[in-house]
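Chemist: Residue numbers (our numbering), protein chains in the order written: chain A, 1 to 215; chain B, 1 to 86.
Derived from the structure by calculation, the hints contain no laboratory data. Heads up, some of the hints might be wrong.
[Stated by the list, open to error] Facing chain B, from chain A, some residues (calculated, C-beta under 7 Å):
| id | residue |
| --- | --- |
| 1 | Ile118 |
| 2 | Val135 |
| 3 | Leu143 |
| 4 | Leu144 |
| 5 | Arg195 |
| 6 | Leu198 |
| 7 | Arg211 |
Even for Gly, the Cβ is constructed at its ideal location relative to N, Cα and C.
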Amino acid sequence: MKPAPSASNSSVPDQDLVHRAKAGDLEAFETLANRYERKVYTLALRMLRNEHDAEDVTQETFLSALEHLAGFREEATFSTWLLRIASHAALKVIRKRRGLNTISLEEATDPQANGDPIPHPEFIADWRESPEQLVHSREVQRLLDDALAELDEKHRLVFLLRDVEGLSVAETAAALELSEANVKVRLLRARLQLRERLTRRLGEPSRRIVRSHAH
Amino acid sequence: MKCEDLLKLLSEYVDGTVDPAVCEEFEKHMSGCNPCQVVVDNIRKTITLYKGGQPCELPEGFRQRLHSALRQRWRETHPTDSTSPR
Numbered sequence: 001m002k003p004a005p006s007a008s009n010s011s012v013p014d015q016d017l018v019h020r021a022k023a024g025d026l027e028a029f030e031t032l033a034n035r036y037e038r039k040v041y042t043l044a045l046r047m048l049r050n051e052h053d054a055e056d057v058t059q060e061t062f063l064s065a066l067e068h069l070a071g072f073r074e075e076a077t078f079s080t081w082l083l084r085i086a087s088h089a090a091l092k093v094i095r096k097r098r099g100l101n102t103i104s105l106e107e108a109t110d111p112q113a114n115g116d117p118i119p120h121p122e123f124i125a126d127w128r129e130s131p132e133q134l135v136h137s138r139e140v141q142r143l144l145d146d147a148l149a150e151l152d153e154k155h156r157l158v159f160l161l162r163d164v165e166g167l168s169v170a171e172t173a174a175a176l177e178l179s180e181a182n183v184k185v186r187l188l189r190a191r192l193q194l195r196e197r198l199t200r201r202l203g204e205p206s207r208r209i210v211r212s213h214a215h
Numbered sequence: 001m002k003c004e005d006l007l008k009l010l011s012e013y014v015d016g017t018v019d020p021a022v023c024e025e026f027e028k029h030m031s032g033c034n035p036c037q038v039v040v041d042n043i044r045k046t047i048t049l050y051k052g053g054q055p056c057e058l059p060e061g062f063r064q065r066l067h068s069a070l071r072q073r074w075r076e077t078h079p080t081d082s083t084s085p086r
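Bound conformation, chain A alone:
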């Protein structure tokens, strides 16, 4: 299922398409939509864990981009701008789900945030293949999605915004209305948990390292 229209636009840089769309060229805008609809949908799906909500957020994101294109000052790239719209829209859905429309995502009582010790890595082993080799495997793709789905929402959101979308700690904190310290703690927990899960599947068992002592 290749994106149908605008094959002739396939190599045109985003920036040129943005300029053309701003000047009223629908085809240029549709090419941008074809280019990024999967990324937007995937982010929404991973944040929301629900296809129907992910579709709503994807549609809302592109409609909002269409309406606000004239105001897009191109300080960030088009994809960054678009994914930011998408993450805001997804967070709005999450807040609505929690019935906390105006309250931040920072749980008032989050004893886990700073109190608990950081979980120690258990399965430690070099991976059998490099990420570059692994990334093309469907099976690995499923592993990535499953591991992400197992994270608590609060850890998953921080990981997605910071590590997958590439927001800074400060930007992630602002988007989620969390303190930067809290973002850092959640990020560390998310990374460690994903590392554990992935290494159990992708690590070389014969080269597993068992810590004999604590340094």
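With chain A's structure known, arrange chain B on it following the hints.
Modeler: Below, chain B alone, put in the same frame as chain A:
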């Protein structure tokens, strides 16, 4: 520095935002601690793999609805220009 201390600084080290003096200690510990070396390497690879992951395809029915919604909204917001002057 002990493994425990290294664990707390892991994220900052991987992101390159750890204080240079602390970074030196971190690396000194790692050079003598194979498990910590491997954990750091695993974490880096985990992040790389997620960053490079393939996006999901849109359900085809939704893709069509999305594009027709976009065309309709385009027509509403660009009332004067004809979108396909052929």
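Chemist: With a cut-off of 7 Å, does the beta carbon of Leu143 of chain A approach a beta carbon of chain B closely enough for the hint to hold?
Modeler: 9 Å, violated
Chemist: Quick one, is the Arg195 of chain A hint okay against chain B at 7 Å, beta carbons?
Modeler: 5 Å, holds
Chemist: Double-check Leu198 of chain A for me: the hint is only fine if its C-beta lies closer than 7 Å to a C-beta in chain B.
Modeler: Interface hint status for Leu198 of chain A: holds (5 Å vs cutoff 7 Å).
Chemist: Does Leu144 of chain A meet its interface restraint, that is, does its C-beta lie within less than 7 Å of any C-beta in chain B?
Modeler: It holds, given that the least Cβ distance between Leu144 of chain A and chain B is near 5 Å, below 7 Å.
Chemist: Identify whether the interface hint at Arg211 of chain A stands, where standing means a beta carbon of chain B within less than 7 Å of its own.
Modeler: 5 Å, holds
Chemist: Any CB of chain B closer than 7 Å to the CB of Val135 of chain A?
Modeler: Holds. Min distance 5 Å.
Chemist: For the hint on Ile118 of chain A, does the least C-beta distance to chain B fall short of 7 Å?
Modeler: Holds, because the Cβ-Cβ distance from Ile118 of chain A to chain B comes to roughly 5 Å (cut-off 7 Å).
Hint 3 alone, counting from the list given before, is not met by this structure.
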